[in-house]
Amino acid sequence: MKYKLLCTFMFVCSLLAAQSSKSKKGSDEPDNKNIEKYLNDGRVGHVNNLIRLRCTPTFISYMGLSYERRLAEKFGVEAGYYVKTSKSPIWEEYREVYFAFPSGESKLQSTHNGSGFMIFPKYYKHGKYANNGRYVGIQYCNRSYKTDLVTSMYTSTGYFDGTQTDIKSNYQSWFLVTGNTRQVGPRFTFGFEIGIGMNQDKFKAINVYDYDYTTQKISTTQKDAKSSQITAMFDLSFGVLF
Amino acid sequence: MKFKLLLCFLAIQSLVVAQKNSAIKELSGAEYIVEKKDKPSYFQNAIKIGDHFFVIAKKTDLAYYNFFGYASLPHSDFKIFKLDAKMNVKLVASVPAEFADKDVQALKIEKFNNQLCALFYFNNKKQKKQYLFAQMYDVKNCNPIGKPYKIAETMITQKERKVGCIFKINFSDDASKMLVTADRSNITRSRREKQAAAAQKNHTFSYWLINNEFKLINTGKNVSFGKGNTEVLDQVFDNDGNMCILGFEEANIKTKSKFRAEDLDELESNTNSQLIMKIIRPTGESETITFAEGEYFYSAMMKYNVNTGNVAVVGLLGSGGYGAKGIFTQQVNIKTAEVLNEQKTLFGTNLVSEINAVKDEGRKTSSSKTKTKQKESKRSSKRANPDYLYNFVRLGECFYNDSNELIVIGQKYYTYVEVYTTTDSKGRTTTRYVYHYVYGDIISFKLDPEGNIENFAVVFHNLDTTVPVYKDYTALYSGEKLYIMTRSSGGQVAFNNSASKLQTYKEYGFSSKRRYYADFMNVSDNEMMHISSKRKHLVFSLISVKLDQ
Chain E
1 MKYKLLCTFM FVCSLLAAQS SKSKKGSDEP DNKNIEKYLN DGRVGHVNNL IRLRCTPTFI
61 SYMGLSYERR LAEKFGVEAG YYVKTSKSPI WEEYREVYFA FPSGESKLQS THNGSGFMIF
121 PKYYKHGKYA NNGRYVGIQY CNRSYKTDLV TSMYTSTGYF DGTQTDIKSN YQSWFLVTGN
181 TRQVGPRFTF GFEIGIGMNQ DKFKAINVYD YDYTTQKIST TQKDAKSSQI TAMFDLSFGV
241 LF
Chain B
1 MKFKLLLCFL AIQSLVVAQK NSAIKELSGA EYIVEKKDKP SYFQNAIKIG DHFFVIAKKT
61 DLAYYNFFGY ASLPHSDFKI FKLDAKMNVK LVASVPAEFA DKDVQALKIE KFNNQLCALF
121 YFNNKKQKKQ YLFAQMYDVK NCNPIGKPYK IAETMITQKE RKVGCIFKIN FSDDASKMLV
181 TADRSNITRS RREKQAAAAQ KNHTFSYWLI NNEFKLINTG KNVSFGKGNT EVLDQVFDND
241 GNMCILGFEE ANIKTKSKFR AEDLDELESN TNSQLIMKII RPTGESETIT FAEGEYFYSA
301 MMKYNVNTGN VAVVGLLGSG GYGAKGIFTQ QVNIKTAEVL NEQKTLFGTN LVSEINAVKD
361 EGRKTSSSKT KTKQKESKRS SKRANPDYLY NFVRLGECFY NDSNELIVIG QKYYTYVEVY
421 TTTDSKGRTT TRYVYHYVYG DIISFKLDPE GNIENFAVVF HNLDTTVPVY KDYTALYSGE
481 KLYIMTRSSG GQVAFNNSAS KLQTYKEYGF SSKRRYYADF MNVSDNEMMH ISSKRKHLVF
541 SLISVKLDQ
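Residue numbers (this note's numbering), protein chains in the order written: chain E, 1 to 242; chain B, 1 to 549.
These aren't lab readings, by the way, just hints derived from the structure by calculation.
Computed from a predicted model, the values in this text were never measured in an experiment.
Where is the CB? At the ideal position from N, CA and C, for every residue including glycine.
Watch out, some of these pointers could steer you wrong.
Subject to a maximum C-alpha distance of 27 Å in a straight line, what follows is the list of computed BS3-like cross-link-like pairs (lysine-lysine) [to be verified]:
1) B:K79 with B:K48
2) B:K147 with E:K168
3) B:K168 with E:K125
4) E:K37 with B:K215
5) E:K37 with B:K140
6) B:K140 with E:K74
7) E:K74 with B:K48
8) E:K37 with B:K159
9) E:K74 with B:K215
10) B:K108 with E:K125
11) B:K79 with E:K125
12) E:K168 with E:K226
13) E:K33 with B:K48
14) B:K162 with E:K37
15) B:K215 with B:K147
16) B:K108 with E:K37
17) B:K48 with E:K37
18) E:K33 with B:K126
19) B:K168 with E:K37
20) B:K215 with E:K202
21) E:K37 with B:K147
22) E:K33 with B:K162
23) B:K168 with B:K125
If you only want the chain E side, here are some residues facing chain B, beta carbon under 8 Å, derived [stated by the list, open to error]:
24) I35
25) G42
26) Y129
27) N132
28) V177
Please model the entire structure based on the sequences and the hints provided.
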C-alpha cells in the first residue's frame, strides 16, 4: 500500500514537473497572444485621461486641477477649474497695470475671492495617448476675482496714493503654447510648457483720478478700465494618468 | 519488485525533468554590468520588394535631442515608408498599436514570407528582459497583418535598461526562415567586465530558428560556445535551417589595469586565440570546429555561397595595433561540416610597400590635414612594422565569384581625440574631449581559389567624423566587376594594383554636410542606392550607381 501511495505521489510529481518543463519550453515559441504581458513594464499604457496639477496657478494661490482628455490621435483638450483661497505670495499682486486714460501708475496690491478656468485645446505632434506627447495649442485662461488697487499720482504737494478695495476684476490670457508631457513611473507624468501671448485685465468701476494743477484738486470719476500686455509664460505640471 | 522498478523509473524521470528545469533557470544568471551607449537614429534601414522601396525611420530632430537628452525622445514614433522608384512616398505605416506609449525601438525591416517583416525590441525594466518582436505588414497597402509576435527574449540587468539590441537577426535567402541569436558579448563592456567574462569557463549564447509561419524550428539556450571571452562575430544559415555561427575566442586576457600599445606585440605573439565555428543542424545536433589557432583577429566575417553550400570565413590577421598583416580564409561545407580549404596569406613587406606606394593624385592637402598627417606619420614611425598594412582594420564585405574565388574588401580606420581646454574669468579650467572617427582608404583584394592574393585595388577615401558611422561605403560584385559606392562618389574598381578613381555624384555638394544617417543598399544585380536623411526631417534621396550590364 505504501509503495502504491509513494508510486502515485511520484507519478503526480513527474507529471507536474513535465508540465512545468513543457510550459517553459513553450515560452520559447513565437507568441502573439500575450503581447500585453511582454509589454507590461509596470507603467500604465493606452490611457486617454490625465489630471494635472499646474505649478503657475498654484504659485499664485489658485487651488485646482485640470483634466486632459485625448480625443483623437492628434487632438486633445485640457480644461481646468481653480479657486483662489488666499493672497498670492508672489508677483501677481505687485504687477503694474496700464490704463488707456491718465490715472497715474496703478499697481495690484492684492487679489482675492477669485476663481478661474482654463481651456487648452492641443494638437499633438508625437504620442498617441495621454501618457506622452509633444504638442502645440492655444491656452485660454479666464480668472475673476476682487482686486485691491493702488494708484500713485504725482501732485504739486507730493505723491497721492489712492487705494481702492474689492474691485471686481477679470483676467484673461491667450497663449500660443508648446510643451511636452512624459510618463514618469507607473502612472505619473511630468510636463513643461513655454508660450507667448497676451493678457488683459478688466476692472469694473475703478476710480480714475485727475489732478488739476491750477486748482490743485483731485477729481474722481468711476470708469471701467482695461489693461492689455504682451507676455510670455512658462509652466510645469505634474499629472496622474487614469 | 515491479513497484520498486516503477518507483525507480519515476524517480529518475522526475530528477531528469527537474534537472532540465534547473538548467533553464540558470539561464537568467551570468549577467554583466554594461555601459549604456546609444544614439538616436532617424533612419534604420531600407529594403526593396518588387518595384517599391520600404524604409523604416524614426521621425525626430537632433536639436530636440541635444536640448532635452535621450529621455525626452518620443516613444515608438517610427514610421514605415513605401516609396516608388522615384523616391515618392506612396504610403506611410505606423508601428503596431500595441507598442504605443512604450519604449519599443525599431530594429529593421526585411522581406519575410513575401511580405514585410518589421522587427522591434523592447527593454522591459520591470521584468528585466529584452524582448524581440516581429510584425508582418502587407506589401501592397502597408497594413499590419495580425498582431506582433514575440519571437525571442533575453535577460537584462537593472543597469542595462536602456541597452541597445542584444539580438542579431538573419534571414534565409529564400526569405522563409529567420535566425535570431542573443549574445551578451554584443553589449559594450568595460575591461573589468571582459575579465569577468574571461574568468568564466564557457561562453554561451542563445538562438532561435523560426519559419515563415512563426513556428519555432530549433532553439537553444545557454549553448556553450568557446572559452572565456568569446565573441560571436557572424552568423549564416542555409534554406534547410543548418546554422553556422562564427566566433573569436580570445582566451588570453591581460590582467594589467593599464593597457599600453606595446602590449599589443605580446598579445599577438603569446595568444591562445582562435576562431571557433559552431554548426547547428535543424535536429539540434551541433559540431564545433576551431581553426587559426594562435592567431589574433581584429575582424572576421562569413559569406555563404548559395550555389555550393560552402561558407567562407574571412579574417584580418592582426590585432589592429599595427593594422593587418594578412588575410585568413577558410571554406566549410555547412551541410557536412567538412573543412575544404584553409589558407593564411600574409601580405609581406613587398605587397605592403606596393600598396603604400600607390599615390592619390587627386587628393588635396590643406594645412590642417598636413598637420594630422604629420601626427599620423609620427605614430606610424613609432610603431612601424613593414609587414603590416597600417590602420587596415575594418573588414567590410566579401564576395564569391563564379570561379569560387573570393573578393575581400576592407577599410583603413582609426580614431583620435581632440582636447579643448578653456579657462573662464575665475581661472576655472574646463576640458572637453572630442572623439574623431576617421574612415580611410578602401582596399580590395582578389584571392585565388586557394586563398592567395592575386591582385589588389585601392580607392582613396577619407571621412573624418565625430559620429561613428555604421557603414561608410557599400560594394557590389557583379559580372566579374567590383563596384564601390561611398557617400560622395561611386563607380567601378579595377584590380590592377593601383588606385581607382570613383566618380563624384552630381547631386553631391550643396547639402552634403547636413545629411545624417545615410545608408546604402544593393537594389539589384546592377544597381546600388544611397538613401540619406536630413536633420529635421527625412529626405529620401536616390543616388544610384549605374553599373555596366
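_With the threshold set at 27 Å, check whether the alpha-carbon distance from K33 of chain E to K126 of chain B stays at or below it._
20 Å, holds
*Regarding the pair K79 of chain B and K48 of chain B, is the alpha-carbon distance no greater than 27 Å?*
Measuring from Cα to Cα gives roughly 16 Å; hence the hint holds.
_Restraint status (C-alpha distance of K162 of chain B to K37 of chain E at most 27 Å)_ = The given pair, whose Cα atoms are some 20 Å apart, holds under the 27 Å limit.
*Please work out if K74 of chain E and K215 of chain B have their alpha carbons no farther apart than 27 Å.*
It is violated: about 37 Å lies between the C-alpha atoms, which goes past 27 Å.
_27 Å Cα cutoff - pair K168 of chain B, K37 of chain E_ = 23 Å, holds
*For the hint on N132 of chain E, just tell me whether its beta-carbon gets within less than 8 Å of chain B.*
5 Å, holds
*Would you mind confirming whether the straight-line C-alpha gap from K215 of chain B to K202 of chain E stays at or under 27 Å?*
Measuring from Cα to Cα gives roughly 71 Å; hence the hint is violated.
*Holds or violated: K147 of chain B to K168 of chain E, with C-alpha atoms at most 27 Å apart*: 59 Å, violated
*Would you mind confirming whether the straight-line C-alpha gap from K168 of chain E to K226 of chain E stays at or under 27 Å?*
12 Å, holds
*If you draw a straight line from the CA of K37 of chain E to the CA of K215 of chain B, is it 27 Å or shorter?*
20 Å, holds
*Interface hint compliance - I35 of chain E to chain B, C-beta minimum distance less than 8 Å*: 5 Å, holds
_Run the distance test for K108 of chain B versus K37 of chain E: straight-line Cα separation, threshold 27 Å._
23 Å, holds
Hints 2, 3, 5, 7, 9, 13, 17, 20 and 28 from the earlier list are contradicted by this structure; the remaining hints agree with it.
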